[in-house]
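Chemist: With chain Z fixed as given, assemble chains E, B, Y, F and P onto it according to the hints.
Given next are the chains, with one letter for each unit.
6 protein chains.
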Amino acid sequence: MRKIKIVKNYLKHAEGSCMFSMGETKVLCVASVEEKVPPFVEHKGGTHGWITAEYAMLPRSCSERSSRGKLSNGGRAQEISRLIGRSLRAAVDLNKLGKRTITIDCDVIRADGGTRTASINGGFIALALALQKLKRQKIIKEIPLRDYIGAVSVGIYDNGKKILDLSAKEDNNADVDMNIIMTTSGKFIELQGTAEGEPFSKETLDKLLNMAYAGIKQVIDAQKKALNGILK
Amino acid sequence: MRKIKIVKNYLKHAEGSCMFSMGETKVLCVASVEEKVPPFVEHKGGTHGWITAEYAMLPRSCSERSSRGKLSNGGRAQEISRLIGRSLRAAVDLNKLGKRTITIDCDVIRADGGTRTASINGGFIALALALQKLKRQKIIKEIPLRDYIGAVSVGIYDNGKKILDLSAKEDNNADVDMNIIMTTSGKFIELQGTAEGEPFSKETLDKLLNMAYAGIKQVIDAQKKALNGILK
Amino acid sequence: MRKIKIVKNYLKHAEGSCMFSMGETKVLCVASVEEKVPPFVEHKGGTHGWITAEYAMLPRSCSERSSRGKLSNGGRAQEISRLIGRSLRAAVDLNKLGKRTITIDCDVIRADGGTRTASINGGFIALALALQKLKRQKIIKEIPLRDYIGAVSVGIYDNGKKILDLSAKEDNNADVDMNIIMTTSGKFIELQGTAEGEPFSKETLDKLLNMAYAGIKQVIDAQKKALNGILK
Amino acid sequence: MRKIKIVKNYLKHAEGSCMFSMGETKVLCVASVEEKVPPFVEHKGGTHGWITAEYAMLPRSCSERSSRGKLSNGGRAQEISRLIGRSLRAAVDLNKLGKRTITIDCDVIRADGGTRTASINGGFIALALALQKLKRQKIIKEIPLRDYIGAVSVGIYDNGKKILDLSAKEDNNADVDMNIIMTTSGKFIELQGTAEGEPFSKETLDKLLNMAYAGIKQVIDAQKKALNGILK
Amino acid sequence: MRKIKIVKNYLKHAEGSCMFSMGETKVLCVASVEEKVPPFVEHKGGTHGWITAEYAMLPRSCSERSSRGKLSNGGRAQEISRLIGRSLRAAVDLNKLGKRTITIDCDVIRADGGTRTASINGGFIALALALQKLKRQKIIKEIPLRDYIGAVSVGIYDNGKKILDLSAKEDNNADVDMNIIMTTSGKFIELQGTAEGEPFSKETLDKLLNMAYAGIKQVIDAQKKALNGILK
Amino acid sequence: MRKIKIVKNYLKHAEGSCMFSMGETKVLCVASVEEKVPPFVEHKGGTHGWITAEYAMLPRSCSERSSRGKLSNGGRAQEISRLIGRSLRAAVDLNKLGKRTITIDCDVIRADGGTRTASINGGFIALALALQKLKRQKIIKEIPLRDYIGAVSVGIYDNGKKILDLSAKEDNNADVDMNIIMTTSGKFIELQGTAEGEPFSKETLDKLLNMAYAGIKQVIDAQKKALNGILK
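Residue numbers (the numbering used here), protein chains in the order written: chain Z, 73 to 304; chain E, 73 to 304; chain B, 73 to 304; chain Y, 73 to 304; chain F, 73 to 304; chain P, 73 to 304.
Extracted from the complex, chain Z is given alone in its bound form (with noise of 0.2 angstroms):
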């Protein structure tokens, strides 16, 4: 796995931030926070809270220039912003949080594989950090986080090697691409897999995710370290 690098607060404005690096994967992560939800929301009543995620692609963070539009509002970067957002509210008690939304912001200022877990990694840094700030202003009781979550891809790649946290490179040219969201105690948030060369088999299956789970440890460790035991 490639090394894990935060810088907390990256931006001075926002209620939470940071710069989470994996290897040579960049991307800044910054949750604000608005006092008010979704129509969907309102409609359940009670005091139920909101948390959703944008994903966009700096126009030069790949090898080649893309355009703006397509990075931040094509069918890609609207698929990885609902991915986040589902991950981090499966990580939040959103009964707890009141009515407000936290948006979570990821861009990805340069890319080298592994955006999407990247973004959920330091999307949950960004939100641990507003909601300790919320509680510091006494506008909410206690963090509403129910335990931490990590992400890892893996991957086949190479006739039939298993890698852990693939790179650009490893990730182009992989026959099988997982991304795996988990808890501490290594329970699922999400998975996904996909054979985009050769149909893989349930044994190989098993062997990524035991492959997933040990990275993802390595992940919550540094959350842990960076969020100062925010959490008990």
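Some clues are possibly wrong.
Just so you know, same-sequence chains aren't split out, so a pair can sit in one copy or run between any two.
[Stated by the list, open to error] In the DSS-like style, the derived pairs of lysine-lysine whose C-alpha atoms are separated by at most 27 angstroms in a straight line are: (1) K279 / K75; (2) K142 / K213; (3) K168 / K207; (4) K210 / K77; (5) K259 / K241.
To be clear, the hints were calculated from the coordinates, so they are not data collected in a lab.
Modeler: Structure of chains E, B, Y, F and P alone, referenced to chain Z:
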């Protein structure tokens, strides 16, 4: 599992089409052949073809009317379109397709859960019929299908009850929601699982994957019957 | 005139719906009721309701695939949507509808000429069924339909041959193309005639209008049969 | 009928232009020539040309300001653009135009009813001037106009009063609203009639068509005078 | 400087309007009053009003036709719209305007250089007429204009020749292009200067500003004459 | 003036890049080279190249989150993009660039006033690095830079206090706000000044321009140090 119904060649103009029903869910799947490939396939040179998909819901396919734009261009629709395209490409040897694109339109006429898996199942039939037509017209020498592929949803509902092929009501209240796409021999093309409520364990995952395979075998049996031995 | 086929209540969720076929042309017409009116109707005060329509073609309803955007948002689709809405509004006493909007979605499943007239004919049935449902639910006291309305196309084709209910092939080669919408008693709701080739005389117009009325009587007979005396 | 006023060559850059007024309604009609045709005309081969139109209203041409987008791209604007284009194409032998496109921009400066008919009438003049210029420059051998075309609105207003050339106030309260486009000899290019309130009878239609022809003769007289015998 | 021509009250519906010509450049400037303010002004509380502008060119105002979208929504049009709005706001005591918005539409009918300065000059007149009307209707107590404002372009053309009020031909070949907006007493509202070719010195800037003031005095004289002592 | 910090080659993929900070304002400036020119440059023939820019702010770069669309496509962003492109083009001999386009992306990571001037200053460095790389790769013979260019803002704040390099707080309350872009020798590339409150005199303008030049000399010194004698 709900009842599968397949009406082949539903549209007279299209190269391949079927109305695919799974219980109350009804999707019109249509394959259109064009004698050109997108630029990024063109760049590879050779005789590579391409398969892509567009998923949309009719405005009143659900219990409440939604706007056309959201139902055909929104993030969810784009995400599902990409899933269908990716799954069907995995079933085809694109190199043997020749420089042509097959677009699979999946229009949901009536939605009662499982529209994405129904789209893949019906989309496979439309695709196979289009390939059969190309072969009959001697445009291609052989039908470049590698294997049948089938898709089902599985989930956990109502305090831990594991179920196959979720209806809309079950889906909306599920704790875990998975979509599995497999080949005849039970290998994975794609798996996507999400914990909507509680994170789930590896043991639960294994049970759900077993259930899914049982369902997919029924889907593939129905496909085989409809396609009448198109694939040896 | 081509054969009319009406399948009522095609969609279980909708307040009113039918699959309307005229020869090879097949349009799914669906009525959705919402308990609000657009601002410009709201401004009138009172108990005015509103009826509007959206016409779209599925991507492969024609012999060549077209893009979804063009088929549902382009100038032609918007023009036809406006025609359908205007015609159906003329059939209803909007003042007796109450402050609600009925949206008629007309999705062309298969196109072989006459899709706009088929949409009006099927749209009328979907609308009538929705009104009937509102009455049964005691939301309205009486069904506010003024009269049946029927639509047909007439044209001049192949050096002066006058024809009723043009197919796509006839339509594409027509010198004159008219769409007529009439009531049971032969009064005009709307008429639109275009000389695609040679301008046409008043005498020709009169003959075409006579043919149209004969066709519209058949349409209204089919509607009456399907609706089973909904309107005295 | 309201007073017609024609100011030829209003824009110095354009191949043909006129400011066309009909009472208080004022439309700037401008013809621009481009030496290429759209793909669907290109496909026909030969020397076919094309004529198209764009209709838009300035934001404050009406009594209340509307947004530019709605006034130039909305359904109504697109429908009228298509009508103008279709009508003007009917006046020209496109085969003799050669491989070029003439775009007629009709920008409504001041609106007081009848903007679509004023656009067609003024658009015809702009088109004729552009064709005359092409002939003078020896780009075409003869002016490929088949005949003059004129347009008027007729309607029923105020409990059955039949009127010619409706102002905005009359139009907004009309029971029947028709737009008629005819040639010098009284043949139809296009007719569009709508019952806004009560359906209307064949007898009423006949009377309205007679009134329309009387008005169109005045329009064509004004065009002939302005164009000074351009067409034998 | 080219000849200024002002036709007041060009549009009967608008609160204020004029056709402003400067040589061959011709801009229709129209003021529309709405009894509400945008949210960011609303938030200030009090009786602040707002003035905004929209600049657009008609498709054939230039020597070649351009698309409507580009001419009214493109970057250049938006930039000029912002400049016009900012300049006119500087002429008004917004606090005395009351909670209303005046929108100035500047539609370029014919372009021969200097369309943005003509828009500001004509826009000032339309604005002043609208304010006069509000005062006459006793909606405001006094006309909240602080001073006249006038705008001209100056530039360097043809190897160092300094010129006032550039035509399109001069503008396209200018080495330096400046737009200056001043009050009666020669104070600056806005200045924008660009070196299209060679950078220019402070000395050159001073000379251009002197020329500009001479031109602006002529503009303000014409405005005063047209507005007939509206402002003491 | 606030402290300038330049981190060169921030993105490994790009031809040239730097993170440019001016106090709390931080802009990532990236140059991308493409071997083609836009059509209007192509039409000139010869070996003309092109330089263009795109300016955008990240959603939470300011104290409140804004939507991505507004921050990268709105009128303000387009206006600034055009200014950056124009200024950088003035620094380059486009004829010696050859038939290629350099796009400068300026993404504001953190905004505290002066983002447009920081974008020009950092954009110049990214551009120079890209040109240096092209020369090292022997794609161009010499670096076609004419001179350094530097940009600063100056303004009047708090009842007449003249200040250099405004922060967000100062900018929001400024009476006059100017952006000046100059060369090493103090010649103007562009100047834009706006009276937000009171119009300002020629005397004030002169003082502000002097302050600006002093600031620009500091900017250019920092650029020279970072670029290490790239330009003689």
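Chemist: For each hint, tell me whether it holds in the structure or not.
Modeler: Here is how each hint holds up against the structure:
no., hint, verdict
1, K279 / K75, "within (22 angstroms within a copy, 35 angstroms between copies)"
2, K142 / K213, "neither (41 angstroms within a copy, 35 angstroms between copies)"
3, K168 / K207, "within (12 angstroms within a copy, 44 angstroms between copies)"
4, K210 / K77, "neither (30 angstroms within a copy, 37 angstroms between copies)"
5, K259 / K241, "between (29 angstroms within a copy, 26 angstroms between copies)"
When held up to the earlier numbered hints, the structure conflicts with 2, 4 and fits the remainder.
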